[in-house]
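Colleague: Now for the letters of each chain:
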Amino acid sequence: MILLQALAFILDGQNWVSGPRILYQLGVTLSISAISVLIVVVIATPIGIAIGHTGRGRGVAILLSNVTRALPTLGLLSILIVLIGVNATPVAIVLVLLGIPPMLAGVYAGIESVNRSTIDAARAMGMTEGQIIGRVEIPLAAPLIVGGLRATTLQIVATTTVASAFAFGGFGLYLIKGLNTADYVQMAAGAILVTALCLLIDGLLAVVQRLVAPRGVPRDGADSASPKPRARASRSRATATVSPLQEGMQS
Amino acid sequence: MKRIHPRLLAAVAVTAAAGLALAGCSSSSSLGGGSGGGSGAGSITVGSAAFPENVTLAYAYGEALAAKGVTVTYKVNIGQRAAYFPALQKGEIDLIPEYAGSILSFLNKNANQKSGDEVASALDDALPKKLTALDLAPGADADSLNVTSEFSDTNKVTSIADLSKLGSVTLTANPEFETRPDGIPGLKSVYGLSNIQFQAINDSGGPATLKALLDGTVQVADIYSTTPSILDNKLVTLEDPKNLFASQQIVPILTASKAKGDVADTVNAVSKKITTKTLLQWNKRTGGDEKADPKTVATDWLKQNGFTK
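Note that the protein sequences, when read in sequence, are chains L and G. The first sequence begins at 1 in the working numbering and counts up by one. The second sequence begins at 1001 in the working numbering and counts up by one.
Check each hint, because a few of them may be wrong.
Chain G stretches covered by chain L per the calculated footprint, using a threshold of three residues with CB under 8 Å from any CB of chain L [stated by the list, open to error]:
1. 1099-1106
2. 1161-1175
3. 1202-1208
Hints are computed from structural coordinates only; laboratory data are not their basis. The structure presented is a predicted model; accordingly, all values stated were derived computationally and were not measured. For each residue, glycine too, the CB sits at the ideal point set by N, CA and C.
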């Protein structure tokens, strides 16, 4: 019953432009998400490439990632709001902290999973390290990197709802307002809108993930068919090729 | 593997410490009721909702009655209205401190009375026969619009009506304020204010609201009138001459059969002394650095006001 009423709330075109202004809240959700994802990509991609290419620093990266994952987002946001002020900066900080671990995991797992002999062949052909990264490792790792991006984006979009508590619009406003006034139709509508938006974005990124897969390489990993482990990181690499995506998706 | 792994040990220690800390939070000394107490004319069970201000009120009424020789039993911290009101109706509690406007709208969703007197007489009609409301205290814990003292001085604003003289003004409150009849729509219809920009901060006038007000992100903030931060930061509470907000004066609700003679007189005498400032000072003691026990705060106050020795 509530679900039907919630759907009616969403399908009422008037609600998109006036009253709850769904269109405006969608814009708020998308813009803060886009900015946060962009910052995550800028920070996590180079670090992930460095870890994946050199095989060093993985332990530290995992440790730091797990620490940021353990932070309670709403609590951290409340503290930052009181320290910094009621504006977009604290919101972006918590979303970026939340988004970095899956992106980082996707990038380094992707780079690590590139077959060692492929890299050796590239080096034997006279490619510089930069060329190896740019022309061999990144293209082969692309599906896993986009996988990390997917996980990050999903987390960030879903978590923008907590920012609604602090003078930020977004779909979370319907959840909070609904809860405060026992208006469960509005709450359900908010939940449906966030879920639908997440599924839509995830679907789009899934298509991108297929498109970036290089031809001749199995889709679910750069070279999972190859039994040969990379010498310098053989143990950790084995787990990385089995579940780099899940690792990013877990939280 | 006889040795316990040090990391495991550390994890267990941290978990145990966290558990203890949580347990410590929940075992406040004011929890739980007193003992004994029959249901004769000379005995009363005092209840309260689960927040310090209401608990302090319960002890203030209860201890004043005890000083008059009434046998008082306490059942404080009983959750929300939906939990304690049935207990009141069943006679498990005989007295509970209430807030006039809130209890009225709980009993009658369509009530639109605003001023204290109107709310009080509507409350008499709305209460079940077994219950009665005694005199309203002057003090109230209601929505109140606050500005900084600098803002008040610079713009000569002391009342909600004065806001109309200004250009665009940003106001913060909980999200539902935007659509509540006594929220933004009320500011428009009652005071004719169309220059209010709304920003929702969902902490009921807590630290984030205060931060936004003090750093100028917003100029007006909805903070409950008995929140200590109003005193601490010398905020100016805007007057509400047209009663946008319904009166939330303190009103003790009693079992009608017990609200007679000495009991009624004592309760009314206590109510008379409870001002909004009294509530603010209580909340400052129970919620501030002192973390005082509500019963101690109530006892001290009764002594200062000559109810007890």
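Colleague: Each hint: holds or not?
Modeller: Hints versus structure:
Remark: the segment 1099-1106 of chain G is not confirmed as covered by chain L, as 0 of its residues place a Cβ nearer than 8 Å to a Cβ of that chain, below the required three. Here's how the segment 1161-1175 of chain G fares: 3 of its residues keep a CB closer than 8 Å to some CB of chain L, so the rule of at least three is met and the hint holds. A stretch counts as covered by a chain when three or more of its residues have a beta carbon under 8 Å from one of that chain; for the segment 1202-1208 of chain G and chain L the count is 4, and the coverage holds.
Checked against the numbered hints given earlier, this structure breaks only hint 1.
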